[in-house]
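Turn these sequences into a full structure, and let the hints steer you where they fit.
Number of protein chains: 2
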Amino acid sequence: MKIGNIVVGQSGGPTSAINASLAGVFQAAKDLGAEKIYGMRHGIEGILKEEFINLSQTLGSDSKVQLLKITPSSALGSCRYKLPKVEKDEQTYQKIFDILKKYDISHFFYIGGNDSMDTIQKLSSYGARIGSNITFIGIPKTIDNDLPLTDHTPGYGSAAKYIAAATKEVIYDASVYPFPAVTIMEIMGRDAGWLTAASSLSRGEDCDGPDLIYLPERPFDVEQFVDNVKEKMSQKYAVVIAVSEGLRDATGTYICDSLASKKVDAFGHRQLECTGKALTNMLEVLHCKTRAIELNTLQRCAAHMLSKTDIDESFQSGYEGVMAASKGETGKMVTFHRISNTPYQLEYRLSDINLIANQQRSVPGKYITKGGTDVSDSIREYIEPLIQGEYTPQYKNGVPSYFRF
Amino acid sequence: MKIGNIVVGQSGGPTSAINASLAGVFQAAKDLGAEKIYGMRHGIEGILKEEFINLSQTLGSDSKVQLLKITPSSALGSCRYKLPKVEKDEQTYQKIFDILKKYDISHFFYIGGNDSMDTIQKLSSYGARIGSNITFIGIPKTIDNDLPLTDHTPGYGSAAKYIAAATKEVIYDASVYPFPAVTIMEIMGRDAGWLTAASSLSRGEDCDGPDLIYLPERPFDVEQFVDNVKEKMSQKYAVVIAVSEGLRDATGTYICDSLASKKVDAFGHRQLECTGKALTNMLEVLHCKTRAIELNTLQRCAAHMLSKTDIDESFQSGYEGVMAASKGETGKMVTFHRISNTPYQLEYRLSDINLIANQQRSVPGKYITKGGTDVSDSIREYIEPLIQGEYTPQYKNGVPSYFRF
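Sequence order for the protein chains is Y and E.
Just so you know, we're using the UniProt record's numbering here: the first sequence kicks off at 1 and counts up by one.
Just so you know, we're using the UniProt record's numbering here: the second sequence kicks off at 1 and counts up by one.
Treat the hints loosely; a few may be bogus.
Listed next, the in silico EDC-like pairs over lysine to aspartate or glutamate satisfying Cα-Cα at most 16 Å (straight line) [as the list claims (entries may be wrong)]: (1) Y:64 x E:206; (2) E:102 x E:50; (3) Y:232 x Y:208; (4) E:64 x Y:206; (5) Y:366 x Y:377; (6) Y:64 x E:205; (7) Y:396 x E:208; (8) E:396 x Y:206; (9) Y:396 x E:381; (10) E:49 x E:98; (11) E:396 x Y:381; (12) E:101 x E:50; (13) Y:102 x Y:51; (14) Y:366 x Y:381; (15) E:64 x Y:205; (16) Y:396 x E:45; (17) Y:230 x Y:284; (18) Y:396 x E:206; (19) E:327 x E:31; (20) Y:82 x Y:118; (21) E:82 x E:45; (22) E:366 x E:377; (23) E:102 x E:51; (24) E:36 x E:104; (25) E:82 x E:115; (26) E:396 x Y:205; (27) E:366 x E:347; (28) E:396 x Y:208; (29) Y:102 x Y:35; (30) E:370 x E:227; (31) Y:370 x Y:206; (32) E:370 x E:231; (33) E:2 x E:104.
It is worth saying that the hints were derived from the structure and are not from the lab.
Below, the structure written as structure tokens:
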């Protein structure tokens, strides 16, 4: 079965796995004999500007595809562009479909998170309205792991693996002195605590893990927090705490905003601050050494320590997307369905994009324990299979080497 | 040649390599037939409190020594204790020597940086004064690479490797959007810029490296900085800058202090802030997205990506220290001497502790270029051999596993 020309784009925040999905799309399209495989520069903006990369040329060798697979960030470039509603701006839609026609595109693939699936939804429904034959398929991507209808998302496993490893290393580093000290690790996830929960996987024979873990799924109370820390400090010197960047108080205000609201710098500028730093300031009353560590973008691009499981699944999700499109599927996203945990088995299916776009999936309450200060042991069963295995980087002069267009 | 009982301690900030030196001391002492090999808990404080670990028992198997070698942080615990001057408090010295006598110690080893070498200096000269036969040998350790008389220091290579890799990954992550953005990476080193300079090793065919690099060896001018950034932004969207945490203005005031001096939080507390964050605030005038990434302790404990060269040398420095002590050497530190660069060859020697303690070694001016906004290509020849090779972590359930007493 030979397919027509395809175009693929990447959108939203980069991850360590989004290029693996791109490699999967490319490989499947190549295997199915696609004549032209285009990459759009900076997502949908690349369509509107007709900025394409001819992937058949630039990814000519298998070794390049392999290197792309383990390269972090969005090799095609990304965007934060959200399509307007068709009622408000049909011209943009017409322009996109004109350009897709000009390049004789049969299949459109978009790798991304919530917002990107909104793009797939809008384009596929507009396509249906005008009777277009072009198929539109979404390939999931987000370290946040917050897309609905899928067991997990590509990119999450590698970020979770890095977070678990970094947490253990930070705990080792923080625990050397015989005096009280509090370290707060701030982990990504504005609305969902999946990444912060992964810090618990640092626990094992060699490490006790974080002493306290706070997810954004529970309202955060600063006074209660200080009390929790005090209690831990009565038991040990080095207290290490994992917090989500998205912690909010009972009114729904982000902690980083509520604590930083009156702050100005030497030049009178309002100060924005990270949650971890704001919380260490709240611990001044404890008169001990404090440190805030923000994992920042390091947690989403640490391709020097990928989860093999995550990268292989990310590749496969791209591959399956193309296979589905070749059978005429459209307006769908590839989703992951866990068949069993021991042994870990996964099935790839398709889900209606209308049930996914702009939706979010939080950490279920069953995983949140000890009054919202920890996660359950059972969440390990969920996360652990996703961080298994490694891809050794291709070192060059002592530093990992990656693919660049 | 059989040696008597030994005691070994770790001091100062932890690194990824300080346990490799401990493993080297242990292995040499074992090979030389030491009867008792003690580890002091929390450095010199462990002596004063008689808190020892019997390493012969706890490190009984070769596999444990191997695991210790690749374990980050200070397994024995560390301290920030600085010995008083003997004129002011001779009692403390008497107490230390009484305890060393009680445990029949022949050789004392201290693994650490500037302050730790001060301890070796004081104890060895006091020992000489009272006619003690105990030898005192310092094993160098600091990621800062700022000890004199040694080509480089154990721990630097692994930190430099991590920094080079993280810089490349951050640049990949920061470069995906088609709009202006500035990312500032803050790297450790209060007085010496060796670590910040290592960010330049991210440069290669696949990465242009940081656009600007500022070391603490040059006075930092905020206005000039903003101009430098403006110029870079006229050439490209994503500007990535590496700065040392220890940047100071012409008066010698740390930038993080001078910019943060008037800041208070919502509760009126004075705000301490990192250099990178303070500098992003200065870029508000450019009206673009900014982000500060502080590598923080992640850069000194990232044992999931060690430099094999560094770890092997760190082990060997401990080993050589014991060999030297067994020959009666005292009041010395093990130093590294580079015999050749191609092929890279190193020789271990001993240097007089009086020439090392409390001294610092900065990045020479020849390596600092472009008006203090970059480092020369030639610094690569110096750093690159130190980051070669890797040790694959011992993964357990998907996460690196380490040694713990």
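query = Going back to the hint list, which numbers does this structure go against?
reply = The structure conflicts with hints 16, 27 and 31, although it agrees with all the remaining ones.
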